[in-house]
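J.: Quick note, the sequences are listed as chains A and B, same order.
So the first sequence is residues 1 to 312, counted in my numbering.
So the second sequence is residues 313 to 650, counted in my numbering.
To be clear, the hints were calculated from the coordinates, so they are not data collected in a lab.
Fair warning: there could be bad hints in the mix.
Computed footprint of chain A on chain B, listed as stretches where at least three residues anywhere in the stretch have a Cβ under 8 Å from a Cβ of chain A [claimed, not checked]: (1) 363 to 375; (2) 466 to 477; (3) 618 to 630.
Where is the CB? At the ideal position from N, CA and C, for every residue including glycine.
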Amino acid sequence: MTLRFRRPEAHAGDLIFSWVLRGAAMGLPALLFSIAFFLFQRAEPAIAKFGWGFFTGSVWDPVQENFGALPAIYGTIVSSFLALLLAAPLSIGTALLLTEVLPRRLASAVGFLVEMLAAVPSVVYGLWGIFVLVPWLRQSLEPALARNLGWIPLFSGPPYGVGMLAAAIILAIMIAPTITSIAREVFRAIPRQQREAALALGATRWETMRLAVLRSGKAGVFGAAILGLGRALGETMAVTMVIGNRPSISASLLEPAQTLSSVLANEYAEAASDLHLAALVEIGLALFAVTFAVNAFARLFLWRRTLGRSAR
Amino acid sequence: MKTLLSTFALLFVASAQAAPQPLQLNGAGATFPFPLYSKWFSEFNKAEPSIQINYQSIGSGGGIRQFLEQTVDFGATDSPMTDEQLAKAKTPVLHIPTVLGAVVITYHLPGIGKGLRLTPDVLADIFLGKISQWNDPRIVAANSALKLPADPILVVHRSDGSGTTGIFTDYLAKVSPEWKTRVGSGPAVSWPAGLGGKGNEGVTGLVKQTPGSIGYVELIYAESNALPYASLKNRSGQFVAPGTRSVSAAAAGSLKKIPADFRVSITDPEGKESYPLGGFTYLLVSQSMDKAKGQALVQFLRWAMKDGQSLAESLVYAPLPKELVKKIEARIGTIVLR
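Given these sequences and hints, build the entire structure.
T.: Written out as structure tokens, the structure reads:
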């Protein structure tokens, strides 16, 4: 299907407008490709030297000029998915409360407060993390986890406070408003009649939410979660401040780690050697690739689901 | 409308005539001396309104890069350029030391305030992770007056690349052969132990909150936040506390081995009163410059060696020793104006 503005009697204005639109539509993908090209070009020395080993190596040594990004890739993916795991139930629950339970006026007040969380700059989250979250983790939560669940590798090791868990919690708080407000819009878009139908069949309030709201909104909520994940993958400042910045891969959530963006934030300003700089740009390339892969996977998943439903 | 326009035009012409455009010099680089430099540039501008200096504190690595690409009139760095980098420069480069910085070992031991004493080998082994308890006999040996707890040591280091790390690892590589081969030195290294905090405030935050921790920060940061610091044993066997005076003493103690291009490390220096963890911070200027800008920059450099030095101490930067200032002034005189 092609959309054409041009007709035999088309006005000059229409023509210009159509070209402006085309330019705008082509411009954004072109920008994406030019960024990818730029990253490739600048990362070239590191790509040439390390090849695929860059993505499987786990040593990051600027002195010996030996660079491997695996711990950072691991840290990025684990911290983001963990954040999503924490944020998704919280956000979906909040969105349900806002659309299904609270009276309209109260709901808009609460909704406004939730959205305010998204307006807090990430460095403020980082500072809050250092001075409030991290001490609490070290003194209360992490010793308790280690005491009761320490036999699981996931919760072993000394309680530093900073580490993967702290990063995931900060990220969860940062992405919750995004997921909440999109999920809320999704639920709102579901026709009233569906809820009424469920109620008429004798469903309880919870069953109505489950059958009429959650089930029909599934695809949209999934999309909301993916947008939240996208933000978590690229988040830099707050994570850098609480993750502990150690290039290691550990099963324990209490151990320090690092992410792709935290490596960039930490080392870019003082990187003097060409290879170090190229390795950092390749880190950027890896971040680009990880974000792209996660988004593409999510789109595909979403597309299959929605397509499957409309065909039924 | 016309009258309004012409009034604007008149105003514009008048203001342009009243204040001739000052000559702009642009620089970029090290973050460590930024508080001092911004004070210097504003004071210098008061003394010499026809010259205005802009400075972006983007980090030493960025400063060297921008200077090599000639996008700035001067660069600034905490660690001197390497021979490899110098070879890339289009014109010969001068390193002009401006002041001295130092690194302070800070720690958090409940019940023990100031007064920890560390020897070089113990410090290196703590950061290598080989000494892991506060009551290790080797720490106790130098601190018989303190009751050190049987707690684990938590090492905290900078996670971001930094001149502070450069000075600190340079020192450890000098005093510990094992550090030299296993870790090496530079603004960012692969740490054998501990946690990384971002910036001085990140390290300080972790050390302040975690009992049993030890870390390193810039002198100026430690002084303004009243952090407890350790005295370090220098080459003469004296335990010396960090401070502007003991850092200047370190530069004075190293005078003999300072080469003509001033590219030198003054960690682990000679001298009874020398604090061993100090270093120069430099401005990078071209040996030959175009006349207007070169003249202005030379004028500023001369000012920095005189009036600038007396401003340094109030901002907790260690001034250069007098003998060295003379050598630097002679060096500034070699700048060629085209």
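J.: Of the hints stated earlier, which fail here?
T.: 3
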